[in-house]
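Once you have looked at the hints, place chain B on chain A.
Protein chains: 2
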Amino acid sequence: MPRKTVAPTLPAISARAAALPASPIRKLVPLADAAKERGCRVYHLNIGQPDIASPEAFLKALGEYPERVVAYGRSDGELALRRAYRTYYGRFGLDLALDDILVTTGGSEALLFAFFTVAGAGEEIIVFEPFYTNYNGFASVVGVTLKPLATDPATGYHLPPREVLENAIGPKTRAIALCNPNNPTGTVYTAEELALVAELALAHDLFVIADEVYREFVYDGLAHLSMLGLPDLASRVVVTDSLSKRFSVCGARVGCLVSRNADVVGAALKLGQARLSPPVIGQYAAAAALELPPSEYVDPMIAAFERRRNVVYEALAQMPGVLAYKPSGAFYMQPEFPVDDAEAFVSWMLTDFELDGATAMLAPGDGFYSTPGRGKQEARIAYVLNEEDLAHAMTCLAEGLRNYPGRTD
Amino acid sequence: MPRKTVAPTLPAISARAAALPASPIRKLVPLADAAKERGCRVYHLNIGQPDIASPEAFLKALGEYPERVVAYGRSDGELALRRAYRTYYGRFGLDLALDDILVTTGGSEALLFAFFTVAGAGEEIIVFEPFYTNYNGFASVVGVTLKPLATDPATGYHLPPREVLENAIGPKTRAIALCNPNNPTGTVYTAEELALVAELALAHDLFVIADEVYREFVYDGLAHLSMLGLPDLASRVVVTDSLSKRFSVCGARVGCLVSRNADVVGAALKLGQARLSPPVIGQYAAAAALELPPSEYVDPMIAAFERRRNVVYEALAQMPGVLAYKPSGAFYMQPEFPVDDAEAFVSWMLTDFELDGATAMLAPGDGFYSTPGRGKQEARIAYVLNEEDLAHAMTCLAEGLRNYPGRTD
Numbered sequence: 024m025p026r027k028t029v030a031p032t033l034p035a036i037s038a039r040a041a042a043l044p045a046s047p048i049r050k051l052v053p054l055a056d057a058a059k060e061r062g063c064r065v066y067h068l069n070i071g072q073p074d075i076a077s078p079e080a081f082l083k084a085l086g087e088y089p090e091r092v093v094a095y096g097r098s099d100g101e102l103a104l105r106r107a108y109r110t111y112y113g114r115f116g117l118d119l120a121l122d123d124i125l126v127t128t129g130g131s132e133a134l135l136f137a138f139f140t141v142a143g144a145g146e147e148i149i150v151f152e153p154f155y156t157n158y159n160g161f162a163s164v165v166g167v168t169l170k171p172l173a174t175d176p177a178t179g180y181h182l183p184p185r186e187v188l189e190n191a192i193g194p195k196t197r198a199i200a201l202c203n204p205n206n207p208t209g210t211v212y213t214a215e216e217l218a219l220v221a222e223l224a225l226a227h228d229l230f231v232i233a234d235e236v237y238r239e240f241v242y243d244g245l246a247h248l249s250m251l252g253l254p255d256l257a258s259r260v261v262v263t264d265s266l267s268k269r270f271s272v273c274g275a276r277v278g279c280l281v282s283r284n285a286d287v288v289g290a291a292l293k294l295g296q297a298r299l300s301p302p303v304i305g306q307y308a309a310a311a312a313l314e315l316p317p318s319e320y321v322d323p324m325i326a327a328f329e330r331r332r333n334v335v336y337e338a339l340a341q342m343p344g345v346l347a348y349k350p351s352g353a354f355y356m357q358p359e360f361p362v363d364d365a366e367a368f369v370s371w372m373l374t375d376f377e378l379d380g381a382t383a384m385l386a387p388g389d390g391f392y393s394t395p396g397r398g399k400q401e402a403r404i405a406y407v408l409n410e411e412d413l414a415h416a417m418t419c420l421a422e423g424l425r426n427y428p429g430r431t432d
Numbered sequence: 024m025p026r027k028t029v030a031p032t033l034p035a036i037s038a039r040a041a042a043l044p045a046s047p048i049r050k051l052v053p054l055a056d057a058a059k060e061r062g063c064r065v066y067h068l069n070i071g072q073p074d075i076a077s078p079e080a081f082l083k084a085l086g087e088y089p090e091r092v093v094a095y096g097r098s099d100g101e102l103a104l105r106r107a108y109r110t111y112y113g114r115f116g117l118d119l120a121l122d123d124i125l126v127t128t129g130g131s132e133a134l135l136f137a138f139f140t141v142a143g144a145g146e147e148i149i150v151f152e153p154f155y156t157n158y159n160g161f162a163s164v165v166g167v168t169l170k171p172l173a174t175d176p177a178t179g180y181h182l183p184p185r186e187v188l189e190n191a192i193g194p195k196t197r198a199i200a201l202c203n204p205n206n207p208t209g210t211v212y213t214a215e216e217l218a219l220v221a222e223l224a225l226a227h228d229l230f231v232i233a234d235e236v237y238r239e240f241v242y243d244g245l246a247h248l249s250m251l252g253l254p255d256l257a258s259r260v261v262v263t264d265s266l267s268k269r270f271s272v273c274g275a276r277v278g279c280l281v282s283r284n285a286d287v288v289g290a291a292l293k294l295g296q297a298r299l300s301p302p303v304i305g306q307y308a309a310a311a312a313l314e315l316p317p318s319e320y321v322d323p324m325i326a327a328f329e330r331r332r333n334v335v336y337e338a339l340a341q342m343p344g345v346l347a348y349k350p351s352g353a354f355y356m357q358p359e360f361p362v363d364d365a366e367a368f369v370s371w372m373l374t375d376f377e378l379d380g381a382t383a384m385l386a387p388g389d390g391f392y393s394t395p396g397r398g399k400q401e402a403r404i405a406y407v408l409n410e411e412d413l414a415h416a417m418t419c420l421a422e423g424l425r426n427y428p429g430r431t432d
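First to last, the sequence lines map onto chains A and B.
When you read off a place in the first sequence, starting at 1, and then add 23, the result is the number in our numbering.
When you read off a place in the second sequence, starting at 1, and then add 23, the result is the number in our numbering.
Chain A with its partners taken away, still in its complex shape (with noise of 0.2 Å):
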């Protein structure tokens, strides 16, 4: 081979792939590992990964995995895990098809097929800031355009005005995108803000992408409402899901793809053929815990996380200049706090900061935004830690604001 020197710049990549932006929920970790280095305890608030066992019959399920030859599965997910789901949707009213569901390698690939199924490259679906954040990496992967409209912590995040979601929806609109329970506010949207959504999907010929995947996360008796019990919305209903946080098994990445709209599936199955399969020992265990009655696990968890956002957000009320709305659901909430800027401050928590020996992580909230400039001074909490530790937490908290030389008021 002749031989010639090596440029000494790297080639390129894609601009795209150069403009990506990095996780606010991960980018600090380098920040927390230091803190931990010098023997500072992090409470992790910035990642949704909760502290709870996975269900005992996910574990012994894994413990029994009777195959011999680890193949690949079926491209829509195995039956058994199929077979599960339906039940388990049948049990909140929702009466759907096998073939309406369309295992995925957690959330985040039925989030991507989504996107991609519903919208071609420069299209648009519109979103509500802030928003899960990977939102962005899949809009980046597959080119679509996501449209932001503003929401407010001092409305609690809920949607805003009619005429303010009529007016966004353009020619390259092709779907509404609302997550229900939303990550990262909290916010449960009511019967009515459903209904809009809904209202304006069937008159701007739109697709409804609902990403549901706290649907059992919701407090202070509110009932969830699912998109899948809109009928007359049934063929422009596409439900992203997954078993992470209803069954603590994040690393599993099972989740499912849910639409009545056979050709959504089916594009969907085509992606899904592409990439061979999901993880089939995940699935094998999931279907063993989907099939336990809410009375056994998600019950008892989803009345302890109550518990835990009542700690977080009393605590949070507390603090002077932080603007505290009390969440309804999921396990997170986005305050406004009295920073110059929320990353700096989460920074300076890991770097600058401790109180007898602990700290405490958020994310920093801009980057659930996708408009430059918004969410500088939020931060996203996942309050997914015991109650003592959550208070411990808090108490972190409260003393680092009292302290942070960027403080504004």
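Since the list can't tell identical chains apart, any single copy or any two copies may satisfy a pair.
Taking lysine to any residue pairs in the SDA-like style, the calculated list, with each CA pair at most 20 Å apart, reads:
hint, residue 1, residue 2
1, Lys-59, Glu-101
2, Lys-50, Ala-285
3, Lys-50, Gly-289
4, Lys-195, Ala-41
5, Lys-195, Ala-38
6, Lys-50, Ala-94
7, Lys-195, Leu-33
Calculated directly from the structure, the hints in this document are not laboratory data.
Just chain B, lined up with the frame of chain A:
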């Protein structure tokens, strides 16, 4: 919510989603299912799913999975697995840093990440036809154009001459993708062929995507040469890899992307952060498999595949009108058959043929091309069954060919 009548036609999915090709490997599965329903045994040579048991070490590790919370893993993969990978590559004389290795959800995801990272939307990657069919799907997802260069069964599908390659490189070309050993042809490229690709990549500022999933599957005493072994090319090579075939753990979905270009791995890591982590349970077990000495699992398996290759090749060589070449690697070959249309023939074998209660299923060849009209007389054979089953399958194939009404010679 206002009631409206749902339109009788389904809301339209994106044009690109509607245009996705069905997998040639899986689209005729319903015909195979129907054949089985009527009691016919189907030898599956259509899919690269080996019948070989996964390593005992892998299965044992599954049963001993130690975590009580199946939590998200690292976005770049579990450290134990990445260390095991580094040791594994070291056995081939490939000295890598841990940060050069990013664990992916199968080789599939590594390909998706590689395509997105080296090429922008509308830019081109040169591939050699026939190519691994799922490149089509991944290219669609990220909006990259595959630019196919023909290779020929009569020459064992080796690379076209330099001038053909050089003429294909245009202003939008960002990479050359080479699968070595090749799926679907079984071709193992020579040192001269690799040097040619490397030279052109350097001269024209291109990346080389080297799909080396079948690295060990090389026969007749030939040596596999990794693109990672070409020092001048270091910053231009992106290897996509998978444990699926090497350890017969296709369903675990564990692979990796390897590059010494930190920008490539950095961008892939951001994509990885968006999807959070690869499946952790499979990764845990995979580390145990990767640590096995080759003599304990891989070497005897490769010897078995060489014997299987011989069974298939010798049988094909006896079939009149079949253009058979002897593949040197992977576990596929793509012969040309004396039939009007290979998909019609493969279908006919499932619907209208059986010999002593059995038939053989191949994958129609045209799905491994993106040039319309090419590959119509070819079919891919995956010799993934034991020798006895393969011999039966070849008898079915020979008899089917003799009786097929669309025979052309």
